[in-house]
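Enquirer: As they're listed, the protein sequences go chains Z and V. So the first sequence is numbered by the working numbering: it starts at 1 and just counts up by one. So the second sequence is numbered by the working numbering: it starts at 1001 and just counts up by one.
Simulated from the structure, these hints should not be mistaken for laboratory data. One should not assume that every hint holds.
[Said to hold, decoys possible] Reference listing, derived: stretches of chain V covered by chain Z, where coverage requires no fewer than 3 residues with Cβ under 8 Å from a Cβ of chain Z:
| id | region |
| --- | --- |
| 1 | 1118–1125 |
| 2 | 1277–1287 |
| 3 | 1312–1325 |
[To be verified] Stretch by stretch, here's where chain Z covers chain V in the computed footprint (C-beta under 8 Å, at least three residues):
| id | region |
| --- | --- |
| 4 | 1033–1042 |
| 5 | 1191–1201 |
Remember, it's a predicted structure, so these values are computed and weren't measured experimentally. Ideal Cβ positions, reconstructed from N, Cα and C, are used throughout, including at glycine.
Here are the chains, one letter per residue:
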Amino acid sequence: MENHVTATQNAEPKPGRSGASSAADTTSTAGAAALPRTGSSGRLGNRIFAGLSTGSGVLILVILAAVAAFLLYRAWPALTAGADTFAEVDFMSGRGLWAWVAPLVFGTVLSSVLALVVAVPLSIGIALFISHYAPRRLAQLLGYVIDLLAAIPSVIFGLWGIQWLMPLVSPVFTWLSTRLGFIPLFAGYQAPARNIMTAGLVLAVMILPIITATIREVFLQTPRLHEEASLALGATRWEMIRQAVLPFGRSGIISAAMLGLGRALGETMAVLMVLSPGYAINLFLLQPGQHQSIAANIASHLPEAGSTGVDALIASGLILFAVTFGVNLIARWVINRRAEFSGAN
Amino acid sequence: MSVLAPPLPVRRSRKLARWAPYAVLAGSAAFSAGLLALLTTVTIAGLFALTAVSYAVAITTLSRVVEGPRWAKDRLATALVTLAFLLALIPLVSLLAIVVGDGLGGFSWDFLSTDMVGVFGSMTSGGALHAIIGTVYVTGIASLVSIPLGIFTAIYLVEYGQGRLKRGITLLVDVMTGIPSIVAGLFAYTVFLVLFGPAYKSALIGGVALAVLMTPVVIRSVEEMLRLVPNELREASYALGVPKWLTVVKVVLRTSVAGITTGVMIAIARVIGETAPLLMTVGIAQNVNWDAFDGRIATLPVFVYRQYAQGGVAADRAWAGALTLIIIVMLLNLIARLVSRYFAPKGAR
């Protein structure tokens, strides 16, 4: 499809536009008088229109650069300052910038990894169900249903996490903590479940749609002949999936997981509402008041922060931006490369 | 060819009947209900979990005995894949149920038509009018920026773009869809902090933040729609001597207008519920603020967050606000799907 479009564009003569209207110009010298005028107004219109659309494309790049530039501009004083600069910033409690950011980065990564561990296997299952198990007529509808999850505002996911999920998982956590409490991961649970595990579960639900949608796309691209060859050799449906679909979709699954990771890293409201914050670096998944994510930290402290505090928060935001940008860039790069070399179609 | 091959032994592979899985499912549900009733209490969550486990065990064992290990594995995979899908439906269904259940109590015409002026303590009056107007303002500003910008960029990518610039923009638009909303909020906050000083607060800041989030979504969906327009239509138009820009406006955009409308509405639905960037840029207000360029303004998601944080009777307003928000988002999604279904050009299907 894409090749087709660019091919026709390349076939057209460069200056202004319209091989058609310049052809009309040459014929009109013999006869009609109305055509040259439309040709010249067309040329001006072409130039304006091409300028507008190219300008918009470039503007996107400028906006992205501006995001980085403005954040860097305000964060620079904080990034280069000594530890004593932040002495009067109360939410940093006397720590230097890096000592303050490190636990936040840890909390952000921990919650996202927990979310991925839950969401990726589930997404593979859902994508398989939609692409290979559900009746074909139903498949598109089921895709919409999963996409509806993506449309639900994050603040409502926060409410849901507090009101519905926390009471549901609390007995499970209690059981884990009493029976398996000798493993540090599960030690010391206290109700209510305002811990990083619950936050990770809410995040998992929130990133499920993007991961599922990406994996589903890849699974649907599996060459039909591979599948049919496998089935013709007597494979069961599951064996066909193991032989044809999963190997074909492996890089797609990886990049889908990275897209989900990018979303989970930057998600604010669910963590802000569910998690009771703390600034420790540990793996006590069920204890409240141990972890906090960068995004939730910015949202909770920015409104009352002084000038130095704002700089520090913007610096942490810049770190978040850099990390999510990198994760997304790699994921997209993998997907695009895959689309070119996978041999699909 | 004189020697006939000996006839292959016919492998009698026994298969479970078509109704067998359903029978096993019913059996394991009954078993689970009975077991739960004996040991503890029957809860929906417990019943679901136990039924799923016992069904998986039962169907695998049965299939292994009757059909052999390969088919048993297949049955197990089918059970797990279906379970994964059902698990994904649980959050959606429970979320809608809880929002409707808790939200209906406080949801009324009064709620939609009053603001929070003069509402204190445990007063149950008050509503979200100011927040709804604020949300319309902020989303409107974002749409004013990002719809034209998005459509023109998509036109560039599909109709004009070539080479590295096009590839670069495509990649960065994809990356931009993954920008965390809090970073977009921080960007808008910083821009206005640098240009107008810390005292300036208005709907405009929130609009800028949402525009950053919305533009890539618009570009993506419009681009997809423009690619669906058959090339023959463009070529027919060129052959009639129509200049390229008029071809784009009158043929390409005209053909894909339904798809573009759908894409734009879904993009609006995506940003209308954004909370974090608005929480930090526009804050909250108690009254209707008709001026988009000056003063704090309430928005629906932030209203929900703040009312819930306040607790007590305010939580009822939070749930009613959440219900309002969900209704708006679902309506936008539904109308968008209907538009694309009933107004799509015949050629694109």
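Enquirer: Does each hint fit the structure? Answer for all of them.
Expert: Tested hints:
1. 1118–1125: Not satisfied, violated; 0 residues make the cut.
2. 1277–1287: holds (count 3)
3. 1312–1325: Three-residue rule met by the region 1312–1325 of chain V, so holds; n is 4.
4. 1033–1042: violated (count 0)
5. 1191–1201: Three-residue rule met by the region 1191–1201 of chain V, so holds; n is 4.
The structure is inconsistent with the numbered hints 1, 4, although it conforms to all the rest.
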